[in-house]
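Protein chains: 2
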Amino acid sequence: MRVLGVDPGLTRCGLGVVDGGSGRTVRCVDVDVVRTPVDVTVAERLLELSNAVEKWLDRHKPQAVAVERVFSQHNVRTVMGTAQAGGVVALVAARRGLPVAFHTPSEVKAAVTGSGRADKKQVGTMVTRLLDLEAMPSPADAADALALAICHLWREPMRARLAEAEARAKELARAHKARLAAATKARQAANPAGNGGRPGVTAATNPKGKRG
Amino acid sequence: MRVLGVDPGLTRCGLGVVDGGSGRTVRCVDVDVVRTPVDVTVAERLLELSNAVEKWLDRHKPQAVAVERVFSQHNVRTVMGTAQAGGVVALVAARRGLPVAFHTPSEVKAAVTGSGRADKKQVGTMVTRLLDLEAMPSPADAADALALAICHLWREPMRARLAEAEARAKELARAHKARLAAATKARQAANPAGNGGRPGVTAATNPKGKRG
Numbered sequence: 001m002r003v004l005g006v007d008p009g010l011t012r013c014g015l016g017v018v019d020g021g022s023g024r025t026v027r028c029v030d031v032d033v034v035r036t037p038v039d040v041t042v043a044e045r046l047l048e049l050s051n052a053v054e055k056w057l058d059r060h061k062p063q064a065v066a067v068e069r070v071f072s073q074h075n076v077r078t079v080m081g082t083a084q085a086g087g088v089v090a091l092v093a094a095r096r097g098l099p100v101a102f103h104t105p106s107e108v109k110a111a112v113t114g115s116g117r118a119d120k121k122q123v124g125t126m127v128t129r130l131l132d133l134e135a136m137p138s139p140a141d142a143a144d145a146l147a148l149a150i151c152h153l154w155r156e157p158m159r160a161r162l163a164e165a166e167a168r169a170k171e172l173a174r175a176h177k178a179r180l181a182a183a184t185k186a187r188q189a190a191n192p193a194g195n196g197g198r199p200g201v202t203a204a205t206n207p208k209g210k211r212g
Numbered sequence: 001m002r003v004l005g006v007d008p009g010l011t012r013c014g015l016g017v018v019d020g021g022s023g024r025t026v027r028c029v030d031v032d033v034v035r036t037p038v039d040v041t042v043a044e045r046l047l048e049l050s051n052a053v054e055k056w057l058d059r060h061k062p063q064a065v066a067v068e069r070v071f072s073q074h075n076v077r078t079v080m081g082t083a084q085a086g087g088v089v090a091l092v093a094a095r096r097g098l099p100v101a102f103h104t105p106s107e108v109k110a111a112v113t114g115s116g117r118a119d120k121k122q123v124g125t126m127v128t129r130l131l132d133l134e135a136m137p138s139p140a141d142a143a144d145a146l147a148l149a150i151c152h153l154w155r156e157p158m159r160a161r162l163a164e165a166e167a168r169a170k171e172l173a174r175a176h177k178a179r180l181a182a183a184t185k186a187r188q189a190a191n192p193a194g195n196g197g198r199p200g201v202t203a204a205t206n207p208k209g210k211r212g
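Chains as they are written, first to last, in the UniProt record's numbering: chain X, 1 to 212; chain Z, 1 to 212.
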């Protein structure tokens, strides 16, 4: 599976394409950082970003897009721009029918370093090692985009298996309920008195509070 | 001028089209609230929202789009969805070459009620009165979208005049500087000694600290 990881932003947007092989093997296909000019309007910056993402989707044809889920942390202005950029990336992918997943920074850190509290440098180091790169991708947004793609490749099969198991459990519960309802109905048909077919159990022979 | 006001959101997105006439007269063209299903992914919701906005732009052909500028206030999750929705609306408009402006909630409230701290009901009441509507638009997102459009219609001429004045001031400053540079150059050409053409003023005749 090929995944485009996106660390969204208006000033710098990290884009990284990673191929997942058998087991946990991963291969870097392309990585870069898209910048949009600061002297144009937000709408024009979003347009430039969406055009860049469209080009990457055309060029690399990923099967899924993984975007960093933004949290309201430090600078409110920056966070809003980041959320807008993330929304635009998700829209561009959804228009092509591609699945889009959002992963939190701590999910990404935990996936590539084993710790949800790893710093930028640790993430960069692990991404460089995992993808067998000659140098650490720079700036950090580029490394983060690759980490997002890796995170998605490794988490998605687990998530899919979990969803499948949940669906199976639900189906089993439904089938069980249906069998139960059918059995009750059959008993009631055989014994219309209404005690469900159980012999000798009525309100009179087993009053509340008296057992045995 | 016709403006589409947008109160962005994934659960409810207010859309309101207002025509501005001479002075401060305004007329409601259309208003509605777009809802996207909660049981699909964020990317699919953004896609549905963008399709709805595209339809409104096709139908009403506004000359500008005014979007509420989101601030990180209460629920972080909601705010992020709102920012993503706002980014998508801005992108859709920018793709058509339409100008997009973001207005803060207090700018909108101040424009329609005179107070930046007005509550939802006051905004709704004023929007109903200003647009001469039979009933207050409901839910509040619908009224907010109309208020955004009105705010844009009334603020935009001021903003444009201000920008024009600033550009004129900049041009005057530039011309003044150019004249000054030309005058200095002319003096230097007439008197290559380097005292700028002022008679009798040299480092020797006017040493630092001694005047007159």
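Bear in mind the hints are in silico, worked out from the structure with no lab data behind them.
Mixed in with the good hints, there may be bad ones.
Derived DSSO-like pairs (lysine-lysine); straight-line CA-CA distance at most 30 Å [unchecked claim]: (1) X:61 / Z:185; (2) Z:120 / Z:61; (3) X:61 / X:120; (4) X:185 / X:170; (5) Z:55 / X:55; (6) Z:61 / X:55; (7) Z:121 / Z:185; (8) Z:170 / Z:185; (9) X:55 / X:120.
Covered stretches of chain Z (in silico footprint by chain X; criterion: 3 or more residues with CB under 8 Å from a CB of chain X, positions within the stretch not fixed) [claimed, not checked]: (10) 38 to 50; (11) 81 to 89.
Ideal placement from N, C-alpha and C gives every residue a C-beta, glycine not left out.
Looking back at the numbered hints, which does the structure fail to meet, lowest number first? Violated hints (numbers, rising): 1, 7; every other hint is consistent with the structure.
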